[in-house]
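Residue numbers (this note's numbering), protein chains in the order written: chain A, 1 to 139; chain B, 140 to 278.
Just so you know, not all the hints are guaranteed correct.
[To be verified] Simulated crosslink set (PhoX-like; lysine-lysine; CA at most 25 Å straight-line):
1. A:Lys-122 to B:Lys-141
2. A:Lys-122 to A:Lys-2
3. A:Lys-122 to A:Lys-73
4. A:Lys-73 to B:Lys-261
5. B:Lys-261 to A:Lys-69
6. A:Lys-73 to B:Lys-141
7. B:Lys-212 to A:Lys-122
8. A:Lys-69 to A:Lys-122
9. B:Lys-141 to B:Lys-212
10. B:Lys-212 to A:Lys-69
11. B:Lys-261 to B:Lys-141
12. B:Lys-261 to B:Lys-208
13. A:Lys-69 to B:Lys-208
14. A:Lys-73 to B:Lys-212
None of these hints come from the bench; they were simulated from the model.
In case you want the letters, here they are:
2 protein chains.
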Amino acid sequence: MKLGRLNHVGVATPSIERSLERYRTLFGADPHGEPFDLPAQGVRVCFVDAPNTQIELIQPLGPDSPVAKFIDKNPDGGQHHVCFEVPDIAAARADFEAQGVRILGPTRVGAHGTPIFFVHPKDMGGVLTEFMESPQQAH
Amino acid sequence: MKLGRLNHVGVATPSIERSLERYRTLFGADPHGEPFDLPAQGVRVCFVDAPNTQIELIQPLGPDSPVAKFIDKNPDGGQHHVCFEVPDIAAARADFEAQGVRILGPTRVGAHGTPIFFVHPKDMGGVLTEFMESPQQAH
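In isolation and in its complexed conformation, chain A is listed as follows (with noise of 0.2 Å):
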């Protein structure tokens, strides 16, 4: 498998609306559609483009969020993954655990509504890494 295009670099911020405020001031950056609720995952997500990715602001949407916790060590917020693109995604899910990679959880839709997984961190030089389906290519 080929290393596939970043299609965003996961930030976790306490608040969207603050973040979005900077960027706007910052860079007149608008967001790409408005911010939505990923319940199943905990966490409420909105794009920012860059002309070449995208950056993908996460919220917790509770105490129990996932996010909530990188959020308390990070209070500020922080870089939280980074998302890269395959072509397709059980492929890539056998060839990771033919190599004896550990993925967190099942493949699952992610916020661009093709299916995604987890790599652990300590599998991925300490990153967290997310791969998902290229929308192009989602059946």
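Starting from the structure of chain A, add chain B where the hints point.
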């Protein structure tokens, strides 16, 4: 100033060689050129290509390196910074300074040979952010 191209994601590592081995094994990815030292910044760096951006692997050159503390806290390595391109580094610096954004140190030459500066994570949602003059627009 508009949000520019994401030139790279900076990933700190205790060993560039071991990180490269992982990219090679998992993705068949070769480095974009050999690792090289940036003694003025106290780091050894190496780039790996994704189709739309790069990963910058950063290894501390010694215990006094600014990245050494990061590796002490994150022995596996981890996400260190993101870097966006700007057309004119002096204009970007003046623009940020006028808005009260804290810039870390002087403008200096970065790993791509063009002028760069870093912005304080406190002023960028907890994300250490580098701005670099686009190579194609460098003087």
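Problem set entry | Restraint check for Lys-73 of chain A with Lys-261 of chain B, where alpha carbons must lie at most 25 Å apart | Holds, at roughly 14 Å.
For this session: Measure nothing beyond the straight line between the CA atoms of Lys-261 of chain B and Lys-141 of chain B; if it is 25 Å or shorter, mark the hint as holding.
Result: holds, 20 Å
Exercise. Taking 25 Å as the top limit, are the C-alpha atoms of Lys-73 of chain A and Lys-212 of chain B close enough?
Worked result: holds, 13 Å
For this session: Would you check the hint for Lys-212 of chain B and Lys-122 of chain A, treating anything up to 25 Å between C-alpha atoms as holding?
Result: holds, 14 Å
Exercise. Taking only the CA atoms, is the gap from Lys-122 of chain A to Lys-2 of chain A under or equal to 25 Å?
Worked result: Judged against 25 Å, a Cα distance of about 20 Å means the pair holds.
Exercise. Is the hinted pair Lys-69 of chain A and Lys-208 of chain B satisfied, with a Cα-Cα distance of at most 25 Å?
Worked result: Measuring from Cα to Cα gives roughly 22 Å; hence the hint holds.
For this session: With a cut-off of 25 Å on the C-alpha distance, tell me whether Lys-122 of chain A and Lys-73 of chain A pass.
Result: holds, 19 Å
Exercise. Holds or violated: Lys-212 of chain B with Lys-69 of chain A, Cα cutoff 25 Å?
Worked result: OK: Lys-212 of chain B and Lys-69 of chain A at ~17 Å, within 25 Å.
Problem set entry | Pairwise hint evaluation, Lys-69 of chain A against Lys-261 of chain B, where the allowed Cα distance is 25 Å at most | Between Lys-261 of chain B and Lys-69 of chain A the Cα gap is close to 19 Å, so the pair holds against 25 Å.
Exercise. Given the hint that Lys-73 of chain A pairs with Lys-141 of chain B, does the C-alpha gap stay at or below 25 Å?
Worked result: violated, 30 Å
Exercise. Are the Cα positions of Lys-261 of chain B and Lys-208 of chain B separated by 25 Å at most?
Worked result: holds, 18 Å
Problem set entry | Agreement of Lys-122 of chain A and Lys-141 of chain B with the hint, judged by alpha carbon distance not exceeding 25 Å | violated, 35 Å
In this structure, the hints that do not hold are numbers 1, 6, 9, in rising order.
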